[in-house]
Amino acid sequence: MNILLVCVAGMSTSLLVKKMEKEAAARNLQARIMAKPIDDLENVIDGFDVVLVGPQIKYKEKYVKEIAERQGKKYAVIPFTMYGMVDGKGALDLALRLMD
Amino acid sequence: MRIDNVYEMLKKLCLEQDRNLGRVHGVSAREIAARLNLQRTNVSSDLNKLCLEEKIAKTAGKPVLYRLKESDILAGRSAGNFTDAFGSVIGAELSLKNAVRQAKAAIIYPPKGLHTLLLGETGTGKSMFAEIMFEFAKDEGRIKRNAPFVAFNCADYAHNPQLLMSQLFGVRKGAYTGADRERSGIVEKADGGILFLDEVHRLPPEGQEMLFFLIDKGLYMKLGETEAQHRAEILIICATTENVESTLLKTFTRRIPMAINLPPLKDRTFKERYELVEYFFNTEASRIATEIVVTPNVMKAFLLYDCQANIGQLKSDVKLCCAKAFLSFIMKREGQVWVHSEDLPDYIRRGLFKYKENKDKIDRYVGDGNVTFAFGKNERNMVEEGGYNFYEALEEKLNVLELNGLDDKEIKLIMGLDIETYLKKYLLNAEKKNLEDLYKLVDKRIVNIVDDFLVYASKKLKREFSPRILHGLSMHIASSIERLSKGKAIQNHQLEEIKRSHKAEYELAQGLKKKLQNEFKVDFPEDEVGFIAMLLSLDEEKDKSEEGVGVLVAMHGESTATSMVNVCNRLLGVDYAVGYNMPLEQKPETALEEITALVKKLDRGKGVLLMVDMGSLVFFGDMIRERLGIPVKTVRMVSTLTVIEAGRKAMLSAPLEEVYRSVSPLQPGWDPLPESEIRPDSGEKEDVVITACLTGEGTALKLKSILENKFNLGEKNIEVIPIDIASQAEYRRRIKRIAREKNVLAVVSAIKPDEDSLPYLSTTDLLDERKIEKVKEKIEALSSTKLIANMTDVIRENVRIDADKFGRVFQRFHADLRHRGVRADHNTLTGLMLHIACVIERVQSGKELHRLKNYRGLIRDNPERFRLVRETTGLFEHEFAVQLSDAECVSIMRILFAL
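In order, the protein sequences belong to chains A and B.
Heads up: the first sequence at position 66 corresponds to 89 in the working numbering, and the numbers run straight through without jumps.
Heads up: the second sequence at position 524 corresponds to 582 in the working numbering, and the numbers run straight through without jumps.
Worth flagging that the hints you see were computed from the coordinates, not collected in a lab.
Computed from a prediction, not measured in an experiment: that's the story for all the values here.
Backbone N, C-alpha and C fix where the C-beta goes; we use that ideal spot for every residue, glycine too.
Heads up, some of the hints might be wrong.
Derived CB-CB ranges, DEER-like [to be verified]:
| id | chain 1 | residue 1 | chain 2 | residue 2 | range |
| --- | --- | --- | --- | --- | --- |
| 1 | A | E65 | B | D465 | 56 to 64 angstroms |
| 2 | B | R795 | A | D123 | 38 to 46 angstroms |
| 3 | A | L119 | B | K324 | 53 to 61 angstroms |
| 4 | A | N51 | B | S697 | 35 to 43 angstroms |
Could you build the full structure based on these sequences and the hints that come with them?
Given below as structure tokens:
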């Protein structure tokens with residue numbers, strides 16, 4: 024399973040990535056989780072199954088939607104409460120729900 | 059001889075009145091008895107003897123007041139040396155004895171006295187003490203009668219050393235632009251007298267240097283002068299709240315030989331604290347020229363609550379309560395101003411929790427009656443004997459408490475204390491009467507049944523009862539039978555507690571109940587059985603700490619948990635709860651191991667209650683339960699109050715489930731979720747806006763929809779709760795209830811709630827287009843402040859920077875943005891805050907930053923915005939000593955402006 028997180032610089036999202044990786048390991052899930060700047064989305068999306076978008080670039084949702092749909096990938100905007108708590112468990116669940 | 063002591067005390071009090079009030083109205087036997095810790099009856103007989111011998115006089119009327127004879131008052135006045143300036147200081151003979159002795163020595167020391175440093179926490183009375191030293195110096199003739207006393211607070215000008223220096227030492231004409239004339243400083247003004255420098259630790263180095271020169275040589279210079287040429291003869295008294303061991307103060311103590319310590323309030327005796335409280339109430343009574351009546355519980359609370367800022371705070375707290383009480387006095391037009399415990403702010407009322415433990419020490423000051431303060435005198439009301447109805451009093455009390463919107467927990471506490479007071483009153487009143495008298499008051503049948511019962515109970519309990527219990531219990535039962543036969547209810551708020559802690563007495567009381575029911579054909583409720591059991595057990599309270607549920611408090615911080623646990627254990631008088639500190643650097647994994655070990659140790663077969671503050675600690679309980687198979691329940695958002703309650707319950711051997719349930723409703727934001735569903739953020743209170751109206755929920759609902767539409771509250775996760783107001787009391791109660799569980803951002807209504815701490819918006823504000831913007835801003839500012847505070851906790855756990863500092867700086871940054879007209883919604887704010895925190899962490903630890911493509915193009919296209927980001931983020935660069943690259947600023951700009 025490959026999960027991509029995007030925000031402006033891929034900076035704060037990397038915190039969440041760490042938490043999600045920990046959570047995945049705890050659940051014995053094989054997962055590759057990465058954070059990238061939104062500008063790289065088009066180039067890297069191919070290697071991932073789902074895309075989670077940081078709430079601070081919710082305004083880019085349309086752009087993400089276009090690319091994701093073109094590539095046949097699912098995406099979701101992370102709620103700011105979950106993001107703000109750096110809730111890795113919640114974010115992982117969110118990604119898993121997208122894949123179902 | 060006792061009679062001599064009584065006379066001396068009377069003399070002292072009368073002369074004090076003369077000195078302080080300009081007249082002597084007299085002193086009661088009770089007051090003298092309280093001061094000397096003697097029986098009132100004994101004091102009374104001494105005073106009467108003195109009257110017969112014509113050594114003193116007494117006034118007609120009740121209560122009888124005694125006073126010195128006029129000639130003795132005059133003699134006392136002219137002698138003037140009955141007490142010196144320090145004599146009127148409360149505690150001069152107790153906690154301040156040493157300080158007073160030092161102060162006198164400092165003033166009298168030849169040839170000109172010693173400069174003095176006063177040390178003490180905020181509010182310990184340093185300024186007052188300095189003024190009294192000044193009075194003493196005048197009385198002793200060390201300085202002239204008209205000598206000046208000049209006080210100067212160094213903190214006032216601490217941000218501007220030059221201004222401070224000019225204030226202190228004066229300015230020479232032409233010293234700087236605008237110094238168009240010669241100005242004198244306060245040193246010059248204080249010449250020949252005393253200069254009091256408060257908060258002297260805030261004096262900048264150049265000021266210290268000049269001050270020391272003045273101390274050493276008696277010379278100083280004004281600003282703009284090159285040579286110290288002015289002479290001043292000054293006694294300097296400095297004051298500071300700093301620890302005397304601090305390096306700064308060491309330079310002072312080298313120069314200033316006399317250091318006087320003023321003890322904090324908590325180190326002073328109850329006698330002194332009582333006198334202080336008394337003095338402040340008297341002052342207030344004179345101020346409002348009305349009698350102030352204070353209930354025993356209020357007195358207890360004032361003697362016991364945690365008064366951090368010492369006497370200064372005590373004084374303002376008394377004032378505050380009097381003001382509140384005075385307000386309801388003018389509304390109700392009562393004859394006196396009444397201060398009840400339910401009027402006290404929470405933190406003062408908490409003092410009552412310590413009553414049990416300190417009972418012996420303060421009962422002699424408080425007593426069972428109300429205290430009336432009036433125009434500088436105080437007189438305790440005698441407890442009325444007979445005709446006193448226990449139940450009416452309790453019922454009335456309960457009504458008042460409920461009306462005031464107190465919650466059940468608080469009502470229970472206050473009622474519990476009251477029940478004990480009332481019952482004790484019965485026992486004490488009963489003591490004196492003999493059996494014949496008792497028959498006059500109480501149906502003989504009752505007395506006989508009770509008498510038989512006591513013999514039986516005494517055998518069963520293997521314990522002797524004091525003779526007075528026959529009277530007390532008989533009278534109590536007589537009045538309860540009377541009440542029950544009238545069909546009135548009996549309510550006992552301590553019932554559950556009594557059942558558990560006085561099990562044997564309770565069972566015995568059941569037997570008495572049966573006998574009484576047969577004889578008098580009235581149905582005794584359980585509540586009444588509880589009262590009987592309580593009476594039986596009152597004179598013998600034993601500490602049984604059976605093996606119960608373990609209580610473990612785990613919190614973030616170096617010592618937060620242990621100090622909270624300390625407080626609770628001291629209040630309960632038993633080392634029951636155990637604290638675990640989790641320093642911020644501590645890895646959760648380590649903490650989990652250590653807490654697991656503690657739980658294992660604490661479990662005595664009944665499980666452990668784990669009380670935590672936040673973060674990962676919330677989940678530990680479940681993990682430990684699974685790992686060890688020991689029942690563990692987790693309570694979040696722990697507070698001192700919840701730990702006390704848990705400890706109390708646990709000590710009574712309640713099972714884990716019950717201990718847990720008893721503290722859960724005390725928690726803010728409590729929701730009865732099963733543990734597995736506990737989310738880490740569910741401990742936080744939800745933001746809500748309350749809309750309220752008098753005319754039913756219709757208008758409130760309309761307001762709700764206006765608010766939601768205009769302010770996008772749904773998007774911000776802010777719920778709007780519409781309520782209708784049936785009455786003012788109902789309104790207050792509902793708001794209070796909501797405020798306990800949620801974070802109330804604003805109350806929107808035509809009527810202002812009397813809870814001042816809640817932001818209030820009037821209905822008309824909402825309908826006025828111009829005001830809507832303001833309201834919007836207010837709501838946004840309020841909720842984002844909260845968001846930032848919450849995020850600070852998250853950052854503390856996840857990013858290795860000084861999170862508290864970062865939170866503060868970010869608040870300022872956000873305010874700056876708003877000021878510049880940049881609005882950020884919660885999505886943006888959350889991301890931005892995390893982002894900047896991460897950037898600072900990376901820059902500080904020298905890690906590589908992510909590359910951003912084409913950032914130069916963005917700068918070119920948005921020059922204004924880029925400049926704004928540069929300017930506002932300068933705050934972070936400054937506070938955290940980091941440099942943000944252009945690329946970093948562009949990232950921030952993109953988040954902020956949705957680029």
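Check: Any hints this thing doesn't respect? Which numbers, in order?
Finding: none
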